[in-house]
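Trainee: The chain contents come next:
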Amino acid sequence: MVTPGRSTLTVKLFRDLWRLRGQAVAIALVIAAGVGTMVMAVGLIGSLEATRNAYYDRYRFADVFAPLVRAPETLMAQVRLIPGVATAESRITTRATLDVPQVAEPVTARVHSLPLARAESLNQMVLRAGRLPDPRHPEEVVANAAFVKAAGIVIGDRVRAVLYGKQVELRLVGSVLSPEYVYVLTAGQIFPDDRRSAILWMGREPLAAALDLNQAFNDVLVRLAPGARPGEVERQLDLLLAPYGGVGAYSREQQISDRFVRDEVDQLSTMAKLLPPIFLLVAAFLLNIVLARLVDTEREVIGLLKAFGFPVRGILLHYVQLAVLLSLGGLVLGIALGAWLGRGMAGIYQRFFTFPFLEFRIDTNAYLLAVAATLIPVVLGAATAVWRSARLSPADAMRPEAPADYSSRAAGWLAGALGPDEPSRIIMRGLLRRPLRSALTVLGLAAATMLYVASASPTASIRRMIDLGFDLADRSDLTVTFAEPRDARALHELERIPGVLHVQPFRAVGARLHARHHEVRETLAGVAPGAGLWRLIDIEGRPASTAPAGAVLAGRTAHQLGVGVGDSITAAVTEGARPTLQLQVAAVLDSPFGSAASLDRTGLNRLLREGDTLSGAYLQVDAAALPRLYARLTDSPMVAGISSRRAMLRTMNETIEQNFAIQTVFYVGLAMLVVIGVVYNSARISLSERARDLASLRVLGFRRSEVAFILLGEQALLVLLALPPGIWAGIELWRFLIGQFSTELFTIPFEIDPRVLARGVLIVAAAAAGTAFLIRRRVDQLDLVRALKTRE
Amino acid sequence: MGPTAAARALAPPVYRVEGLTKTYGTGANAVQALRGVDLVAQAGAMIVLLGPSGSGKSTLLNILGGLDHATAGHAWFHDRDVTAFDDDALTEYRRRSVGFVFQFYNLVASLTARENIALITEISDHPMDPAAALALVGLETRLDHFPAQLSGGEQQRVAIARAIAKRPEVLLCDEPTGALDSHTGTRVLAALDQVNRELGTTVFVITHNAVIADVADEVLLFGDGRITGRRHNARRAAPLALTW
Numbered sequence: 001m002v003t004p005g006r007s008t009l010t011v012k013l014f015r016d017l018w019r020l021r022g023q024a025v026a027i028a029l030v031i032a033a034g035v036g037t038m039v040m041a042v043g044l045i046g047s048l049e050a051t052r053n054a055y056y057d058r059y060r061f062a063d064v065f066a067p068l069v070r071a072p073e074t075l076m077a078q079v080r081l082i083p084g085v086a087t088a089e090s091r092i093t094t095r096a097t098l099d100v101p102q103v104a105e106p107v108t109a110r111v112h113s114l115p116l117a118r119a120e121s122l123n124q125m126v127l128r129a130g131r132l133p134d135p136r137h138p139e140e141v142v143a144n145a146a147f148v149k150a151a152g153i154v155i156g157d158r159v160r161a162v163l164y165g166k167q168v169e170l171r172l173v174g175s176v177l178s179p180e181y182v183y184v185l186t187a188g189q190i191f192p193d194d195r196r197s198a199i200l201w202m203g204r205e206p207l208a209a210a211l212d213l214n215q216a217f218n219d220v221l222v223r224l225a226p227g228a229r230p231g232e233v234e235r236q237l238d239l240l241l242a243p244y245g246g247v248g249a250y251s252r253e254q255q256i257s258d259r260f261v262r263d264e265v266d267q268l269s270t271m272a273k274l275l276p277p278i279f280l281l282v283a284a285f286l287l288n289i290v291l292a293r294l295v296d297t298e299r300e301v302i303g304l305l306k307a308f309g310f311p312v313r314g315i316l317l318h319y320v321q322l323a324v325l326l327s328l329g330g331l332v333l334g335i336a337l338g339a340w341l342g343r344g345m346a347g348i349y350q351r352f353f354t355f356p357f358l359e360f361r362i363d364t365n366a367y368l369l370a371v372a373a374t375l376i377p378v379v380l381g382a383a384t385a386v387w388r389s390a391r392l393s394p395a396d397a398m399r400p401e402a403p404a405d406y407s408s409r410a411a412g413w414l415a416g417a418l419g420p421d422e423p424s425r426i427i428m429r430g431l432l433r434r435p436l437r438s439a440l441t442v443l444g445l446a447a448a449t450m451l452y453v454a455s456a457s458p459t460a461s462i463r464r465m466i467d468l469g470f471d472l473a474d475r476s477d478l479t480v481t482f483a484e485p486r487d488a489r490a491l492h493e494l495e496r497i498p499g500v501l502h503v504q505p506f507r508a509v510g511a512r513l514h515a516r517h518h519e520v521r522e523t524l525a526g527v528a529p530g531a532g533l534w535r536l537i538d539i540e541g542r543p544a545s546t547a548p549a550g551a552v553l554a555g556r557t558a559h560q561l562g563v564g565v566g567d568s569i570t571a572a573v574t575e576g577a578r579p580t581l582q583l584q585v586a587a588v589l590d591s592p593f594g595s596a597a598s599l600d601r602t603g604l605n606r607l608l609r610e611g612d613t614l615s616g617a618y619l620q621v622d623a624a625a626l627p628r629l630y631a632r633l634t635d636s637p638m639v640a641g642i643s644s645r646r647a648m649l650r651t652m653n654e655t656i657e658q659n660f661a662i663q664t665v666f667y668v669g670l671a672m673l674v675v676i677g678v679v680y681n682s683a684r685i686s687l688s689e690r691a692r693d694l695a696s697l698r699v700l701g702f703r704r705s706e707v708a709f710i711l712l713g714e715q716a717l718l719v720l721l722a723l724p725p726g727i728w729a730g731i732e733l734w735r736f737l738i739g740q741f742s743t744e745l746f747t748i749p750f751e752i753d754p755r756v757l758a759r760g761v762l763i764v765a766a767a768a769a770g771t772a773f774l775i776r777r778r779v780d781q782l783d784l785v786r787a788l789k790t791r792e
Numbered sequence: 001m002g003p004t005a006a007a008r009a010l011a012p013p014v015y016r017v018e019g020l021t022k023t024y025g026t027g028a029n030a031v032q033a034l035r036g037v038d039l040v041a042q043a044g045a046m047i048v049l050l051g052p053s054g055s056g057k058s059t060l061l062n063i064l065g066g067l068d069h070a071t072a073g074h075a076w077f078h079d080r081d082v083t084a085f086d087d088d089a090l091t092e093y094r095r096r097s098v099g100f101v102f103q104f105y106n107l108v109a110s111l112t113a114r115e116n117i118a119l120i121t122e123i124s125d126h127p128m129d130p131a132a133a134l135a136l137v138g139l140e141t142r143l144d145h146f147p148a149q150l151s152g153g154e155q156q157r158v159a160i161a162r163a164i165a166k167r168p169e170v171l172l173c174d175e176p177t178g179a180l181d182s183h184t185g186t187r188v189l190a191a192l193d194q195v196n197r198e199l200g201t202t203v204f205v206i207t208h209n210a211v212i213a214d215v216a217d218e219v220l221l222f223g224d225g226r227i228t229g230r231r232h233n234a235r236r237a238a239p240l241a242l243t244w
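Going line by line, the protein sequences match chains A and B. Each residue of the first sequence is one higher than the last, beginning at 1 in our numbering. Each residue of the second sequence is one higher than the last, beginning at 1 in our numbering.
There's no promise every hint is true.
[Unchecked claim] In silico contact screen, one side only, chain B against chain A (beta carbon under 8 Å); selected entries:
hint, residue
1, 91
2, 148
3, 184
4, 230
Since the hints were derived computationally from the structure, they do not count as laboratory data. All residues carry an ideal CB built from backbone N, CA and C; glycine is no exception.
Whole structure, please, built from the sequences with the hints as guidance.
Mentor: As structure tokens, then:
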């Protein structure tokens, strides 16, 4: 069918598009922010999951892990018989301290025996540089690539190590990646410290010799048969390994590296669900007001088209087409932006998560989602704007609209009351006449403020978390962890080392905590009473103490177990004599991180039916004696790990500065885009509506600045109105996100930095002022004569 | 010439215009809106500019009122050449010396009649009280009405009150009755007549309606960008007696 009007309408479509280009750009920026964050987050989720799955699969990452003390190799035959086990492998795992010349502090290492060089062996490694150790050379090791890089060692370097109390010299022959260590985190840390923690793999025979585990093992890896239930396999493993000191099998979901990757994906999902809708709703609202204004000015054209016999449908379609065209730029820009940001974020992830490859890919679903998420609100926003005018009868539509009536709502209670002068009254009445538009504009600006406040707040909270953990709770210089629990003599031995000023022992023992049908694998900590080098604190930083009887439970653990103060929990200890303890919850403490359940150390010793036993100690030392002290501790056969509080603090602060700075820049940009989009459109529409008024005022002798005050004062007032709810919403959003981001390992403290709020205000105000400057030029260029000659 | 007309002829001129030219566009698209206009306007006179649309009367008024720039020639307001003013000087000139009335009233819809006038009196040096200005145009009972609640004629009288409230020396009216019927139009003219007589304001009225010319002291006939004729009315007609 030939419709003669169609092509002419198309011409109008493109002319309108060109005329609205300024506003189109502003809207496109907001849409781009929404689509960009969505494409980035959805793309990253897909890329991370695909990469992880491919990595785990190709390098045969185990499904179930079962550490134990010692079992003969012959037991593996029984392990393989457990229903659901597809492949099972034994290995030897231990801890070591390394003396790396390039690193001032001792390096704590986890050491594994090399997987067998077979296609079906589990937890295979990706060789990054060098070669794998030669079984004929017992001193050869490979290390995780992140450590090799961070510590600045090179292949061929020799490193002194204390391996299970024995001094050995190791030689680095290669650097590797492992699916087991995508994220390397040692106990007590919140970020990886690649310089001071290493993962080593060496030949099984030398390791067995050092640990006295010939023809034996202390670690089992299991890959499940398809459809097998991990819980059942774990139970069977526990039964089988209990006599051999099994400390409890656990599945991949509880494996720390995998848990971090999953937490990251969860956080990305939260972001993908939260941010894009904000931007896209703001964009839909902007399109709605732009089109509503356009339709207002084209009322007569619409009437004319209808008088000529155009159907309502065709007119609606015309404006919806315009809206879609207006948003297409943003969609394309957003996809490009998302791809670019995604690639950048993938680069940042590569610093934390060591995948052999992390290719940022956007799959078709992400594109479809972006298109749907953009076009649905856009079309709805456009249709609602046009619907009223499209339905008018041609005669009504062609009749000019009566002058805006400000009498009903405004006059009665507002006349004189609002604003000290007439220009202020013009502003106030203008805003009140279109309460919905004003409210939505305020909401849009508040959303931008909220976005900034919520996204700039993590730094303050994480800094607070570090303060709590590494300043208020831990005030030691060094933490020393023993390879095995020791008696009081070890304490005295530490005290006698020159340079050691103070020693505070601790006891830590692995356990499975039960309450009703809930179970968590956690550490029971025995804390020395009093405020020494390490103390219990709550999330507010207030010191707390252990109860003489009963356990102080971390809030997140209490939540997981579904228990409160006075309830009783069962702790099945997985070490030593493996007693099962009944513990009463004496208190629930919201601490940022640390052990799940804390008891008085002597109380815990008693419960474990052991003497004065410790697992390690916090030390206060003379800084001048540190180098000698490090050498002494590294060489000590009883010490399996040494960490320096200051070194950890330094690493954490570096991590925050490097990574959060980038993110903050990113969110500042997003918030500014929204402000620019909202203020620009709001001011342009206001200018279009008020052009005659403003031109009249100019004719009547008002100066440019006085006229600009009316237009921009309105925008300033809207910004001012948006700031308090925006800040409030930002604070509340951060409170909500803390709940989402806190994991089983950490509780992020709620902390708001007043400087973040001030910066949020400045950023929003600066973006609004910059936009106002652009609009101001248009006010200056008002054509006085033409504005007055035309009928409204 | 009556005694008052004679007195006015002796009054100093408000405007002196010499060779005023205005060309819009350039080259082949150039349109000559004014082709050399000379004029002397005495203070306190009521002057009607009569001519068909496109004859150049609005262009002259826009230049006299400081809304537009001349291409050539001079227009002195007392001893100051308006054509030499920069934008800031033009704004100050409009603010202090000139009042405007337009065909489409141009009231601020969100302000009441009184507030529309206060808008101007707030930025003037010796303004009238807004209520007094409205009383002068017979709208003392419509002070707190919004434009939407007023008829077209009432809106135009508010526009006149707004224009004169700052006591300008000249009042420039471009087709003030153009959008009004005869009955309402005469009331608007009566208001202008009253302002001219009582406040001594020099009033310029643009119209293409020949009947209106009778209310003037002096009628300037426009055609094709020039003044094609001048006429002095010995007696000004009473506005309310007119019909068209």
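Trainee: Now tell me if each hint is right for this structure.
Mentor: Here is how each hint holds up against the structure:
The restraint placing residue 91 of chain B at the interface with chain A holds, with a minimum CB-CB distance near 5 Å, inside the 8 Å limit. Given the 8 Å rule on beta carbons, the hint for residue 148 of chain B holds: about 4 Å separates it from the nearest Cβ of chain A. Proximity of residue 184 of chain B to chain A is violated relative to the hint, the smallest CB-CB distance being about 16 Å (cut-off 8 Å). Interface restraint check for residue 230 of chain B: the shortest CB-CB distance to chain A comes to about 26 Å, outside 8 Å, so the restraint is violated.
In this structure, the hints that do not hold are numbers 3 and 4, in rising order.
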